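J.: Protein sequences appear in the order of chains A and B. The first sequence maps to residues 1 to 418 in the working numbering. The second sequence maps to residues 1 to 323 in the working numbering.
Accuracy of the hints is not assured; some may be wrong.
Unchecked claim - Here are the computed lysine-lysine pairs in the DSSO-like style, where the Cα-Cα straight-line distance is at most 27 Å: (1) B/Lys97 x A/Lys357; (2) A/Lys357 x B/Lys127; (3) B/Lys127 x A/Lys326; (4) B/Lys168 x A/Lys349; (5) B/Lys167 x A/Lys349; (6) A/Lys349 x B/Lys127; (7) A/Lys395 x B/Lys127.
I should point out that these hints are in silico values taken from the structure, not numbers from a laboratory. Every value quoted in this text rests on a predicted model; they were computed, and no experiment measured them.
Chain by chain, the residues:
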Amino acid sequence: MPNTTANNFDDWLDLYAQRASKLSVSEVRALFAVVSRPEVVSLAGGMPYVHALPKDTIEKSFKKLMSDRGDLAIQYSGGQGDLTLRDQVRELMALEGIKSSVEDIVMTTGSQHGLDLISGLFLERGDVVLAEGPSYVGAIGIFRHYEAHIEHVETDHDGLQPEALEEAIKRLKAQGRKIKFLYLVPNFANPSGVTLAAKRRARIIELCRKNHILVLEDNPYGLLYFDKKVPNALRSMDDNVIYLGSFSKILAPGFRVGYVLCPPAIREKLVLAQESAILCPSAFSQMLISEYLAESDWQGQIETFRGVYRERRDAALAAMKEYLPKLSTTRPDGGFYLWITLPDGIDSKAMLPLAVKELVAYTPGTAFYGDGTGQNKLRICYSFPTPDNIKVGIKRLSNVINLQTELLDTFAKKGTKK
Amino acid sequence: MIPKSKIANKLKVQILAGGISHEREISLKSARRVADALTEAGATVVIREPDGNLLTNIKKDKPDVLWPVLHGASGEDGALRDILALTGVPFVGATPKGARLAWDKTIAKIIVERSGIQTPLSITLPKETFRELDADGVLKAVGSALALPLVVKPARGGSAQGVTIVKKAEQLSHAMIDAYVYCDVAIIERCIEGTELAISVIDLGAGPIALPAVEIVPATGHFGYQERYTAGETSYFVPARVSKTVAEKAAKLAIQAHEALGLRHLSRVDLIVDAKGIPWFLEANVVPGLTETSLVPQAIIAAGHSLSQVYLELVQAAVRGRG
Chain A
1 MPNTTANNFD DWLDLYAQRA SKLSVSEVRA LFAVVSRPEV VSLAGGMPYV HALPKDTIEK
61 SFKKLMSDRG DLAIQYSGGQ GDLTLRDQVR ELMALEGIKS SVEDIVMTTG SQHGLDLISG
121 LFLERGDVVL AEGPSYVGAI GIFRHYEAHI EHVETDHDGL QPEALEEAIK RLKAQGRKIK
181 FLYLVPNFAN PSGVTLAAKR RARIIELCRK NHILVLEDNP YGLLYFDKKV PNALRSMDDN
241 VIYLGSFSKI LAPGFRVGYV LCPPAIREKL VLAQESAILC PSAFSQMLIS EYLAESDWQG
301 QIETFRGVYR ERRDAALAAM KEYLPKLSTT RPDGGFYLWI TLPDGIDSKA MLPLAVKELV
361 AYTPGTAFYG DGTGQNKLRI CYSFPTPDNI KVGIKRLSNV INLQTELLDT FAKKGTKK
Chain B
1 MIPKSKIANK LKVQILAGGI SHEREISLKS ARRVADALTE AGATVVIREP DGNLLTNIKK
61 DKPDVLWPVL HGASGEDGAL RDILALTGVP FVGATPKGAR LAWDKTIAKI IVERSGIQTP
121 LSITLPKETF RELDADGVLK AVGSALALPL VVKPARGGSA QGVTIVKKAE QLSHAMIDAY
181 VYCDVAIIER CIEGTELAIS VIDLGAGPIA LPAVEIVPAT GHFGYQERYT AGETSYFVPA
241 RVSKTVAEKA AKLAIQAHEA LGLRHLSRVD LIVDAKGIPW FLEANVVPGL TETSLVPQAI
301 IAAGHSLSQV YLELVQAAVR GRG
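Whenever a hint applies, use it, and build me the whole structure from the sequences.
T.: If you want it as structure tokens, here you go:
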């Protein structure tokens, strides 16, 4: 018998950090590979409809930047980010009632990187992060990476429930748990699409202040309202709120530019952490965006986006009414997402292969919970497919749900002949 | 021993990869590895999607040979191979007929069984069967006929997607549902406990040869999707830690299955060796994975060959119309 040595394709297994053990290949992720095929209607990824952007304007900004300040744009820059853009970000945040200083704004590589840096500054293994139930999948990934415990707080059509938050804080404190953050997406939340009611915002701030919990307000969708402006940001009510913003949805994600507004003490550490991690965010992307904001009708462009997404939201809701009238869904007033509740017993993650077979993709509900719940939920993103494709996709989804329901019924009918 | 290449290396190879299947990502990963190896061997390689431009791309690229590295129905059910055959461009891998026979695990089991190979007792049930009959009664009958533990798997498909090992009777209905989301037909198979082996079979024109068996030991005990494609989650032993007699029996089985199914150039036969040293055929793959953690590349390297050389020889065999 040969005395063979085992090969597991990874000679460094004994060297990895404990947290790396959670990084495994995912079957669900692999299934998403098909969405790049045009035959598949993807209602999965939260992609902005970049086709609606004025490419000629961006091109003009690019040419002007390279002609006027090209050498600076392709050089290293400061760790806090471009000062001109920070000033423009200040104006942008003022649209949601935030008063700020350029000194307290830090540009980051997408707001995702800002969230990662903040998490790195604060989270230790076992710390508690409170988050909406459901919550943004990208944030859950970061909190998991830092080995935090994610405690979901119940939400309804008005967003996070202050009573549920109060109860969770009380319970966790009684258990001796250290609560570091409340993380929330208050406007047109990903994935639920709901917006935190104005009257709840003050109460949530008060509860967190009283319990010495940092509030992380992640607001990529706030300006993408359809009819009515969203309530003022939580940050406008309390300077201790850490506010995360992004150009990914109001401009384009390819630039990878986001920003963080935070209290001065935290900002100092954030800049040092950023310099330590990446030296500086991309000067080129920041200066290009700055040029674009200075030279274009960017507010008009956001209005264009609102029109595009409103039409698609309407198409999605109409298709839901036509093909899946019995299912409950949220009715967002902005943003990208519908959050759908499936009939009892259907697991949206288990159903995904069938959906791929039927050429439609969505994101299973469990992706948005850190505790494995959400099986009978799924997220539909209507921002990228055309209204016609949204209709086709939801029609296919209804077929998938019917097939799965039939399958479950077949095996649930124990001992009965059909 | 694989003969050294006698044909000039500058071959134009078009790899077909991607497709609309649950294994699209694996196909693309495999294709990029094959492309790297062939490029290193001196071939000119292009990777294309088998989409609406399939025939146009073949006309445009004018490849000397095609290599469909497509998993799932689009690459393994024989249909695409029929179309490739129509183009007159030689291609690597099974003929349409061979692919069809191997693609359906039930048919493959019947064919290899007829050639004298042992394969675990199984029952194949389309979804409709349960609709028409008493599902609970059928499952009870199946469970008692085959005896636990059982393996439930889609009749068509790969990468262990939709596969469940059922240890308790009450898990069976859930396992059926998991298999049916991938395929309308499922196989319930007696689970043979033993050593899991994968044997790569290569035929460059001088008849099929078996490469050293790869023994698979997943950390979780189940060689599922995650265990297949996450480095570090499965230990592989090449050659397998089995006696010379068992290794020879397993190699013979693999070649016999390859021939019985009428396969060509390259296949991978998966089998289990039980406690008595008897190898049991599980399935044959006409488009085995060729990623960095896949089984065929491990066997090629263990046999003392380079991937570049073997892939080039496979391409050359296809050009010669042999294998």
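J.: Evaluate each hint against the coordinates.
T.: So, going through the hints one by one against the coordinates:
With a CA separation close to 24 Å, the supplied pair B/Lys97 and A/Lys357 stays within the 27 Å bound. Taking the CA atoms of A/Lys357 and B/Lys127, the gap is near 16 Å; set against the 27 Å cutoff, the hint holds. Under the criterion of a C-alpha separation no larger than 27 Å, the hint pairing B/Lys127 with A/Lys326 is consistent with the structure, at around 26 Å. Taking the CA atoms of B/Lys168 and A/Lys349, the gap is near 23 Å; set against the 27 Å cutoff, the hint holds.
Taking the CA atoms of B/Lys167 and A/Lys349, the gap is about 23 Å. The hint holds against a cut of 27 Å. A distance of roughly 20 Å separates the Cα atoms of A/Lys349 and B/Lys127; the hinted pair therefore holds under the 27 Å criterion. For the given pair, A/Lys395 sits about 22 Å from B/Lys127 by alpha-carbon distance, which is consistent with the 27 Å threshold.
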